[in-house]
Structures are given as structure tokens and as C-alpha cells.
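Student: One-letter residues, chain by chain:
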Amino acid sequence: MRGVMVSKIFDSVDAALADIRDGATIMIGGFGTAGQPVELIDGLIRHGARDLTIVNNNAGNGEVGLALLIKSGFVRKIICSFPRQTDSQIFDETYRAGKIELEVVPQGNLAERIRAAGAGIGGFFTPTGYGTLLAEGKETRTIDGRDYVFESPLRADYALIKAHRADRLGNLVYRKTARNFGPVMATAAATTIVQVPAIVELGQLDPENVITPGIFVNRVVLIEKEAE
Amino acid sequence: MSTAAPLSRAEMAQRVAADIPPGSYVNLGIGIPTSVSNYLTAEQDVILHTENGLLGMGPEAHGDEIDDDLINAGKIPVTEAIGASYFHHADSFGMMRGGHLDIAVLGAFQVSITGDLANWHTGEPGAIPAVGGAMDLAVGAKNVFVMMELTTKKGQPKLVEALTYPVTGLGCVTRVYTEVAVFDIDRTTGVSVTELFGPTTVDDLRTLTNLPLTDATGKG
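These protein sequence lines are chains A and B, in that order.
Residue numbers for the first sequence follow our numbering, beginning at 23 and rising by one.
Residue numbers for the second sequence follow our numbering, beginning at 2 and rising by one.
Keep in mind that the hints were calculated from the coordinates and are not lab data.
We put the beta carbon where it would ideally sit given N, CA and C, even for glycine.
Hints should not be assumed to be uniformly reliable.
Unchecked claim - These stretches of chain B come out as covered by chain A in the derived footprint (C-beta under 8 Å, 3 or more residues):
{"no.": "1", "stretch": "61 to 70"}
{"no.": "2", "stretch": "154 to 163"}
Stated by the list, open to error - Here are a few chain A residues that face chain B, going by a calculated C-beta distance under 10 Å:
{"no.": "3", "residue": "A56"}
{"no.": "4", "residue": "S94"}
{"no.": "5", "residue": "F96"}
{"no.": "6", "residue": "K99"}
{"no.": "7", "residue": "V126"}
{"no.": "8", "residue": "G130"}
{"no.": "9", "residue": "H186"}
{"no.": "10", "residue": "A200"}
Can you build the whole structure from these sequences, using the hints too?
Tutor: Printed below as a string of C-alpha cells:
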């Protein structure tokens, strides 16, 4: 019996996002606009799933991508570290109008909660946030004389991320500081969807340099518009 | 460094830069701390960390150097230094939390005499809270240097007995640079004034802050 060749490549953004349902929790990669999968987010807006919980470092910049998704009214809650920025006017208005729920998480705790979910860890004690408003109501413990607060894993139904190159098995490399949350988010979602500006043949990515092994990736979409 | 007048912000940055030991791994917070990098010398060989995934951050990028994939924690385009490395967010904050960074230089609303830091949230009603990496930096670096004006615009001291602003980290600040003095904070021996700028005396600082400051300027 001949095997079927594995390919995680989807022909379109819309096809890659088609099964996202109302109420889904979706991680979106990027730090500010670096690494933000803008075309996947545009696709999510077209798709129209509502009542979403979004996990991102920020809460949108300017009038594109995540900011536009928030403007669409499809986001019920955002979990992030740094919503308020000079160009976060859409989030600011939505939040002040009481139309979006906000959970602020220290940035390192956000990354580690995502990492923990992807690595099968049931939570962890961290010194970050101990004694602060963001640790209120959470379990604490003193370990070897230092105070820690318990943080739980954070998982998602989908992760939407952007990488620099992918092959058909979903092996990924990233570019510069656009890597940021991509590698940990890819591990923590039931379905990870990646946009890349170029797909390469198997063997063209140096195995020593693959940052996200394909096991963590389910769907790859080519977004050629970025000239690189 | 003894000066006739209080330090300007640029001089404060210069003063902090001069105190960073050669070969240190350093994170410079958003705002005034970022300007410390302008005064680091090649001989110091300081390696700058930016929490969005780069060790070996170079100067701000201009013109053709600007690359949307290469920014700092303040989302400003930067360059990479020779010998730089990239990593994902969990590794980046592991570097911090794991005590691998030598120094973090941060701004502050208030610092307490036991080194508690407030710099993330004014606590005002209606303010949208945004923490970013502030709490991670506060607890993670081996030394946390704060750069701030000694008083608010209304003249209230920002070095205080106990914080009135929301806490960022407890007992984490080791040194405070202001325009009139440098303060060292030791959790057992308290706060000492190690340097003065301009006409201010240690007694003036005691009166202003109402704190039991030790004179360690070598002149008292």
C-alpha cells in the first residue's frame, strides 16, 4: 500500500479558517505588528465567527489586523499584556464602551502559560506578579525563601501565526523579532494555522535551524503579497 | 562625578551608563532608560536584551535600515549588533526570570525604602491597565536600577516609606538615580545616598523625603 503524501498546505486563507466556530479561543502571534498574521486576521473577520477570546501580547495597533478584528465586534474577551499604546485607539474605545473584557497578564507569565499548555505542564509557580494586583486571589507559595504565585496553563482552539518559511510538513523558520510568540503559540493550540510569504521544498530548511517542528503545525497558507 | 547643578536627563543617562560593568547583559526599559544606550562605549562591550526576542540589540534603525521584523520592546525599529541572537518569548522571559540578566534599568512612579517598585499602573479610575514586561523585569534581573526625577511635578517625593501606587515588584530595586542624588537600597541596612549633584545636601534630602537616609557620599 502506498502512503498518502502529507501536506499541510491549504489553498486559501478562507479554507484554512473554515471550521472556526463562535466562542473559540484563538491565539494570535505578533508583538505589535512584527509577526502579526494580518491576512489570517482579515480572513477571520470575513469568516465572521463571534464571541471570540483572543490571546495576543497587545490589543491592536492602528486600524488594521487585530485592531480591525476588535472593531468588528467579534471579540468578547482579550487576554494580553499591553493593551494601551499610542495607536490602540480602537481597543481603548471598545473597552471604555464596555464592549470587550480584558485580562491583563504580565508578558513573561503570558508566554510561560502558553508554553506550559503546549508542554503538558499543569501550571507553575512564578515570582513575577507576586504581591501585585495581578496576583490577587491566586495561590502563593514560598520556595527556598522566595515568594511565588501560581499561574495556570493557557491553551487555545486555534493559533494564527506568521513565519518566514514553511515546508509541506509544517516545519517553520522565523525572521528576526517577528518570531516572538509564534513558537510557543504553535505548541498550545489544538489547530495551528500559519501564514508564510514563501513555501519551500522539503529538505530546503536546514533541520538544525528549524524553530517550530512540523508536529506543532496543522495548516500552512501562502501569502505572497509581501515582496521579500 | 560631582556637578554644580542637578543633572539633566541626558546627564542622568550618561551617569547610569558609566556605572554598567563591562560585559554586562542589560535590559533598558521603555522611556528615559532607553537613552542610556547612547552613552555606552564600545569598550564596555555591553550586550543589550530586548524582551521581544533579541540579545545584541544595536542602535535605532534609520532610513534603509528600517525592517518591520526588527523592533525593540518599545516597538521602535532597531538594528542588530554583531554577535546578536534571536529567541522566542518564553526563552526571552526565562532569561529574565531565571536571573541571567545583570541589570535592568527602569523608570518609576515610586520606589520604597525596601526597594518596592511602582511603575506599571497609576491606579486612577478609568486608566486602562497595561503591564507588558514590567513585572518580569522587576523580579528577574540581578540588579534593578531605577532612573527617575526625585519628585513629582507637584513636588511630592517619589522615594517613599511605602508605595501608594500599585506594586510592580517587591524588594527588587537596588539603586535609584535621580537628578540630585544616587541612592543605594539594601534590604537590611536601608537607603544610603552615595552621590549628590548640585547644591542639594543629604540633610535636604532627609527633609524632603522624611526618610532616614545614610550619608555614604564620603563627605558627611
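Student: Can A/A200 be said to touch chain B, with a Cβ gap under 10 Å?
Tutor: Cβ of A/A200 sits 4 Å from chain B, so the hint holds.
Student: Just to be careful: measuring from the Cβ of A/G130 to every Cβ in chain B, is the smallest value less than 10 Å?
Tutor: Holds - the Cβ of A/G130 comes within 10 Å of chain B, reaching about 3 Å at its closest.
Student: When the nearest CB of chain B is found for A/S94, is that gap smaller than 10 Å?
Tutor: 20 Å, violated
Student: How about A/F96: closest beta carbon in chain B under 10 Å, or not?
Tutor: 20 Å, violated
Student: Test coverage of the stretch 154 to 163 of chain B by chain A using CB-CB distances below 8 Å; three residues minimum.
Tutor: That given contact is violated, which follows from only 0 residues of the stretch 154 to 163 of chain B lying within Cβ reach (below 8 Å) of chain A.
Student: Restraint: A/V126 near chain B, CB-CB cut 10 Å. Satisfied or not?
Tutor: Hint on A/V126: holds, closest Cβ of chain B at ~5 Å, below 10 Å.
Student: Regarding the hint that A/K99 lies at the interface with chain B, is the smallest CB-CB distance below 10 Å?
Tutor: 15 Å, violated
Student: A/H186 was flagged as interface toward chain B. Is the shortest Cβ-Cβ separation under 10 Å?
Tutor: This hint holds: A/H186 lies near chain B, its Cβ roughly 8 Å from the closest one there, short of 10 Å.
Student: Grab the minimum C-beta distance from A/A56 to chain B and call the hint holds if it beats 10 Å, violated otherwise.
Tutor: Holds - the Cβ of A/A56 comes within 10 Å of chain B, reaching about 5 Å at its closest.
Student: Tell me if chain A covers the stretch 61 to 70 of chain B under the three-residue, 8 Å CB rule, please?
Tutor: holds (count 3)
Of the numbered hints stated above, those contradicted by the structure are hints 2, 4, 5, 6, listed in ascending order.
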